[in-house]
Structures are given as structure tokens and as C-alpha cells.
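Visitor: So the chains spell out like this:
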Amino acid sequence: MLVGVLIVALLAMSVSAAAQSAAIVFDVGGRGDLSFNDMGALGGERAARELGVRIREVESATTADFLPNLRALARTRSYDVIIGIGFLLQDAIQQVAQEFPNQKFALMDGLADAPNVLSINFADHEGSALMGVLAAITALEYGYDTVGIVLGIEIPILLRFEIGYRAGIKWAVDRYNEIHGTNKSLRVLHVYTGAFDDPARGKTAAEAMLAQGAGVIYGVAGATGLGVFEAVEQYARARGLEVGPPFAIGVDSAQDYIAPGFIPVSMMKRVDNGVYTAIKRAVEGTFEGGVLEMTLAMDGVSASTLEDNLAMFEEAIAAGKKTPAERDAAIAGIQRARAAVPQLAWDLMAELEQLIKSGEFVVPVALDAQTAEFYRQQLQ
Amino acid sequence: MRRSPASSNAPARSRTEMRQKVRTALGSLLQVVLAAGVGLAIGAIMMNATGYDWKEALQALWLGSFGDLWGFADTLAEATPLILTGLTFALSFRAGYFNIGAQGQMIIGALVAVAIGSSLAAPKPIGMIVVILAAAAAGALWAMPASLLRVTRGVHEVITTIMFNWIATYLARYLVFNVLNDPRSAERTVRVLPEVRMGTIIAGADATWALFVSVFIALFFYWLLWHSPWGFEMRIAGLNREALRYAGGSPTWGVHMTFLLAGVAAGVAGATQIIGRPPTFALYGDLSNLGQLGFDGIAVALVGRNHPIGIIFAAIFFGALSTGARTMQIMAGVPLDLIRVVHGVVIMAMAAPETWSILRRYIASRVPARASAAAASRAER
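Protein chains in written order, with the working numbering: chain A, 5 to 384; chain B, 155 to 535.
Keep in mind that the hints are not guaranteed to be accurate.
[Said to hold, decoys possible] What follows is a set of in silico ranges between Cβ atoms, one per label pair, in the way DEER data are often shown:
| hint | chain 1 | residue 1 | chain 2 | residue 2 | range |
| --- | --- | --- | --- | --- | --- |
| 1 | A | K325 | B | F220 | 54 to 64 angstroms |
| 2 | A | Q102 | B | W384 | 45 to 55 angstroms |
| 3 | A | A336 | B | A203 | 36 to 46 angstroms |
| 4 | B | T204 | A | D351 | 43 to 53 angstroms |
[To be verified] If you want the footprint, here are the derived chain A segments under chain B, 3+ residues with CB under 8 angstroms:
| hint | stretch |
| --- | --- |
| 5 | 28-41 |
| 6 | 115-125 |
| 7 | 155-167 |
| 8 | 172-180 |
| 9 | 196-203 |
Hints in this document: simulated from the structure, not taken from any laboratory.
All values derive from a computational prediction rather than experimental measurement.
C-beta atoms are modelled at their ideal positions from N, C-alpha and C, and glycine is treated no differently.
Required output: the full structure, derived from the provided sequences and hints.
Guide: Now the structure itself:
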């Protein structure tokens with residue numbers, strides 16, 4: 005009896021010591037989307053490198069594949085954690101977590117309510133506040149009186165982006181007046197286009213903002229945001245400009261390369277760090293279900309750097325979507341845009357980043373229309 | 155005219171006919187198996203050339219799709235909508251039309267399934283039946299403009315059905331995000347009520363009772379085409395419209411009937427993806443749970459020789475390919491893009507014989523002297 009227990013215990017130990025592995029299920033965008041999925045893959049690569057974990061990647065051809073993909077992985081019983089990338093997998097993870105209560109799951113950027121699922125969210129309101137600082141100071145220094153934000157569908161998570169951005173703008177304008185002893189103010193325009201996949205609508209919204217004198221526009225609308233970039237670049241080029249202002253700001257991944265010269269920075273959702281954290285917790289035995297908000301202090305969000313764009317390009321070149329020549333041209337453009345942004349903007353962005361990380365500045369959160377409206381008034 | 159050809163057969167003739175039928179069926183089967191083998195072999199060579207273990211990959215393909223009960227059930231779940239969209243193409247083709255509107259008709263069926271399924275709190279079987287009937291009617295209605303334009307204005311159905319596919323796509327996107335959307339989950343529509351959701355056949359796999367709806371419709375189409383006077387008329391129209399007119403049949407009536415029934419199949423296909431596919435029971439904003447099922451149906455129909463029974467087996471084969479795709483990724487580590495290339499090769503090899511016979515028939519129809527001979531050999535099948 006005792007011997008039996010010992011053998012079982014030994015077996016269990018050797019199994020857990022021998023095979024540490026994680027599986028990543030991508031959403032329908034798949035590898036090579038230069039966004040969400042590729043960011044998640046980067047996290048897996050880092051875990052493989054630093055933790056020696058075997059990573060199995062599974063792509064989904066359609067949304068109907070999520071559930072069977074997750075089930076097939078769970079049935080093998082050989083993965084310490086199974087990770088779903090993106091909120092589209094929410095329903096499937098919710099279901100499969102109930103069917104396999106002993107299997108650990110993690111969901112990026114979504115919310116699944118089960119004890120064996122770690123739902124990782126990203127403090128996009130904090131990241132958006134940093135974008136607000138850069139937008140505000142750049143606009144003020146170049147003599148603009150307006151900045152804008154173009155969003156997708158009016159849902160709670162996007163309200164969070166908008167109010168975070170406004171909070172950053174408000175802080176930056178106050179700080180600017182303090183430094184220069186002035187009494188300037190900025191008008192903030194916002195538009196909910198009602199779509200995440202309609203560049204034409206994003207373009208129309210951005211064109212209207214530019215016509216009203218916006219100097220910087222933050223695009224938070226998935227593919228709709230591509231229209232924002234296009235509008236800003238066209239508007240500037242029509243005036244013979246090689247570099248902004250006007251500027252656009254990217255979102256989710258390092259999008260600065262999309263309109264080189266006109267996107268100085270993007271608000272990155274660090275899905276890579278989320279994936280890495282989930283794997284690390286699973287293999288180190290500290291995994292617990294529940295919600296984890298990856299804040300600015302935890303590197304859950306960040307302002308994109310030149311290196312981030314380079315890393316993205318390597319993925320794009322590997323996927324055959326970009327050439328090294330395109331990379332060099334894009335990097336030159338990004339450098340031009342970054343150089344055109346006043347140093348004060350970068351300095352104040354770093355200052356607010358420290359304040360948020362240390363907890364001295366708390367970015368307000370709005371998750372319903374009423375709260376959002378309250379903050380719109382407050383942050384004038 | 156409105157009399158089934160079978161009813162006039164003497165027993166002796168029927169026996170030779172039977173033997174003939176079995177022979178052609180076995181011949182087709184052999185062709186299909188050979189084509190599949192060629193396709194898989196080319197796929198294996200490609201995987202080998204790109205540095206993946208082809209043996210492991212093919213083994214994974216088999217184990218994942220037929221290896222256990224769950225895998226087989228998932229295969230059937232994938233096959234369910236393909237049977238229907240395959241029928242859409244096949245039925246029209248038998249009547250002489252290239253109806254490639256299954257995609258649009260399926261989208262409309264799915265939209266109607268969401269709209270009715272999310273608001274109709276009827277007791278269990280009634281709600282489901284209402285949703286399926288409504289989706290069928292919606293698919294049929296969406297197919298009507300194509301046949302009306304064909305009959306009244308002579309507009310080719312390829313043009314109209316393609317256009318209506320796009321109209322359906324954009325209409326669906328608008329409705330999903332602006333009318334049927336779930337306010338807490340922007341990526342999809344509201345879910346249909348639990349009362350109208352179809353139950354799974356075995357726990358832990360995706361196949362639901364929707365499978366039986368698909369198979370039932372396939373069997374009905376089989377009966378319709380080969381054992382009913384209406385089907386006989388349709389097939390004659392497909393072979394030679396002049397002959398039908400001469401014999402007193404109405405080609406106009408046949409066109410409308412064909413398009414309506416094809417639309418019914420596609421509409422129900424859309425419904426099966428909403429009320430018969432766990433776990434979401436809603437339509438995604440990018441329509442990604444419908445994918446390209448309408449167009450995949452064309453390939454299914456070609457592999458299944460445009461025959462309802464053949465289509466059931468072809469759809470199961472296609473389902474096995476997509477179910478096997480996940481085990482090929484998990485067990486053999488082959489990336490999805492390469493798997494799709496392999497699938498493409500297999501499907502092309504399998505669709506080749508039917509595509510060739512269609513082409514041959516088309517060429518023959520251009521040469522009047524040979525037309526009647528080709529039509530006669532065609533009628534035997």
C-alpha cells in the first residue's frame with residue numbers, strides 16, 4: 005500500500021518535472037496578423053526561451069473551431085496551461101473550462117467566469133492616458149487647439165479608452181500651463197463610428213476632425229482605425245508635408261509603421277506579457293483562476309518604442325508580408341515622426357508614467373455611458 | 155409528362171438497369187478513392203518537402219477525424235452545413251443552372267435564425283422547428299430575385315447570385331452591429347434562447363441534432379430528383395430545355411422551383427450554424443462562424459458528383475479534413491496554412507473528374523450532333 009503510494013507520487017513528480025508545456029489557441033486572425041495574435045506568439049516564444057516550456061500553437065480557421073480546438077488540447081492532458089488569445093474565444097473557454105475542471109486555462113483580453121480560468125485584462129485606460137499626454141503637448145506646442153479620438157462601437161471597454169485619454173490630456177494641459185505660466189486649453193473631439201472593421205467610416209470621422217482643426221487623433225477602432233491613419237496622412241501630404249503634425253496614434257500593437265512619418269507612437273496592449281505571465285504562473289505552481297488586470301506598472305500596457313516596431317517587422321518579414329527594404333523606409337519614417345514630437349511631450353509622458361506606476365496618479369475608469377459623460381464634463 | 159419514368163419499367167429491364175447503376179456507382183467510387191489517394195500523396199510530398207513528418211501528419215488527420223467518437227462527431231458537425239450548401243449547388247446544377255448564391259442565402263438564414271431564435275420563447279421542439287422553417291423561407295426568398303431576373307430579363311444567375319451574396323454580407327454586418335448586437339459583447343449578436351438551441355448528440359463534441367435535419371433534406375432532394383415527377387422535369391430541363399418545352403413542361407416553373415428549393419437548403423445551413431453549433435449560438439460580427447461554407451458547398455457538390463447521397467459522403471470527407479486540421483496542428487505541429495494547401499490539393503484532385511465531365515458536356519453541347527448522345531449518357535446516372 006505504502007509502496008504503491010510512493011510509486012504513484014514518484015510517477016506524478018517525474019511527469020510534472022519532465023513535461024512542462026503550454027498551448028496557445030489563436031483567434032481567426034491567426035499568426036501573421038501583426039497585431040493581437042502575433043503579440044501572443046511573442047509571449048509564447050519568450051516563455052520557451054526563458055522558462056524552457058514547450059509551446060504548441062493552434063490556429064483556428066473559423067470561430068466554430070475554438071471549442072473543438074480547446075477540447076482537443078484539453079483531452080491530451082499534457083499541457084500545464086491552455087491559453088486563448090482574444091475575447092472571441094470567451095464563450096468557448098467558458099464552456100471547455102466546465103468540461104475539464106482540472107485543466108488550467110487562460111484568456112487574454114476577455115472575461116471567463118470559471119475557477120480554472122485566469123482572465124487577463126490590460127489597463128488600457130492607463131496606456132491611453134499616456135497617449136493623451138503626447139497628443140496634448142504636441143498639439144499645444146504646434147499651436148493647435150483641438151485633439152481627437154476615433155473609436156469603434158460604444159461599449160464599456162472603449163469608454164475606458166476615451167476617458168483615460170481625456171484624463172491624460174487634462175493632466176498634460178494643467179502641467180503645461182504650470183510650466184509655461186499660461187492659461188491654455190484644448191478641445192477634445194470624440195466619435196464612436198459604430199464599427200471595428202470599416203476603414204471608410206474611420207476616415208470620414210478623422211477628416212471631419214482635421215477640418216475642425218485637430219492636431220492629433222487617437223484611433224481606437226481595430227481596422228476602422230486604418231482609415232484614421234489614411235485620413236491624417238492624406239491631409240498632411242496634400243499640404244506638402246513629409247511628417248506631422250497632424251499626427252495619428254495607433255493602438256493595440258506597434259502600428260507606427262503603417263503611416264510612416266505620421267504615427268509617432270502607439271498604445272501597446274502587451275498580450276505578450278500576458279501570455280508569458282500565465283505560462284510562468286502555471287509552471288511555477290502559482291496559477292490561480294480569476295481576473296488579473298495587467299497594469300502599466302506590470303507592463304500590461306506601454307507606449308511603443310522603435311524596438312517594438314522592429315520586432316513587429318521581423319514577424320512581418322518572417323510571415324512574408326513585408327520586405328527588409330520596406331522596413332528601412334518605415335523605420336526612417338517613424339524616426340522622423342518621433343523627432344517631430346516636442347521633447348516636452350516625451351518628458352511629460354515619462355513623468356505621468358512614473359506617477360501612474362507609483363500610484364500617485366489614478367486614471368479614472370468609466371464603464372458606462374453615464375460615468376463617461378460625468379468625466380467628459382469633469383475633464384474639460 | 156408528369157409521370158415518373160420508374161413506374162413504366164418492366165421487372166427484367168429494371169434488373170439490368172440496377173446492375174448498370176451499381177456499376178456506375180462503383181466506378182465513381184473508385185475514381186473518388188483514386189483521386190483522394192493522389193491528392194493525399196501530393197500533400198504528403200509537400201509536407202515532407204517543407205520539413206514536416208508526413209506520416210505523423212496523415213496519421214493525425216485520420217485519428218483526429220475518425221479515430222474516436224468525439225473526433226467523428228466533430229467531423230459530422232463540420233459536415234452538417236456543407237451537406238446543405240452542397241445540395242444548393244447540386245440541385246440547381248441538375249436543372250442546368252450555376253447557382254453560386256448559397257453563401258448569401260446562408261447568411262440570410264443565419265440572420266433570421268438569430269432574429270427569431272432570440273425573441274421566440276416557445277417550448278422546446280416548436281421553437282426549433284419555427285426557426286428552421288423561417289430560415290428556410292428566408293433563404294428561398296433571397297434566391298428568388300435571381301430566378302425572377304433569369305426568367306423575365308434573361309440575366310445570368312451567376313451575376314445575380316454573386317451580387318446577392320455581397321448584398322447579404324453587408325446587410326448582415328449592418329444588422330449584427332446595429333440591430334441584433336449584444337450590448338455587452340460587441341463582437342457578436344445576441345444569443346438565441348436556450349429553448350431553440352439544438353442539443354448535442356454525444357457530450358463533449360459539437361455534433362447536434364442539426365445533422366439529422368441536413369441528412370433528411372438530402373434524402374428528400376434525392377427522392378425529389380429521382381423519384382418524383384417534378385424532379386424528372388427539373389433534370390430534363392437541365393439536360394435539354396427545348397426537349398422539356400416540346401414535351402409540354404414549363405421551364406419557367408422549373409426555374410423558380412429549383413431556386414426556391416436550393417435557397418431552402420442554404421437558409422437551413424445558416425440556421426444550423428446558429429442554433430446547432432455550440433457554444434456561442436450567435437452570429438459573429440465578421441460572420442466568421444459562417445466562413446465560406448456557401449462556396450465550400452460548390453466543391454462538396456463537385457466531389458459528391460452533384461448527387462445528394464454522394465454529397466453526404468463528400469461533406470463528411472470535407473468535415474474530416476477540417477477536424478483533422480486541428481490534430482495535425484496538435485500532434486504533428488504542421489501549421490494551418492500548410493494544412494490548407496494540402497486540403498486544397500486533395501479537394502482539387504477529387505473535384506477534377508466531375509469538373510472534367512461538366513466541361514466535356516459543355517463542349518459537347520456546343521456541337522449539336524453530339525449533344526443528344528451526351529444527354530442520353532447523362533440521364534443514365
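Visitor: Taking the hints in turn, state whether each one holds.
Guide: Evaluated hints:
1. A:K325 - B:F220: 54 to 64 angstroms: For K325 of chain A and F220 of chain B the Cβ distance comes to about 36 angstroms; the hint is violated.
2. A:Q102 - B:W384: 45 to 55 angstroms: Distance hint for Q102 of chain A, W384 of chain B holds at roughly 48 angstroms.
3. A:A336 - B:A203: 36 to 46 angstroms: Between A336 of chain A and A203 of chain B, where Cβ atoms are some 38 angstroms apart, the hint holds.
4. B:T204 - A:D351: 43 to 53 angstroms: holds, 50 angstroms
5. 28-41: Since 3 is at least three, the answer is holds.
6. 115-125: violated (count 0)
7. 155-167: Check passed, 4 qualifying residues.
8. 172-180: As far as the stretch 172-180 of chain A goes, the hint is violated, because 0 residues have Cβ atoms under 8 angstroms from chain B.
9. 196-203: Answer holds; 4 residues pass the 8 angstroms Cβ test.
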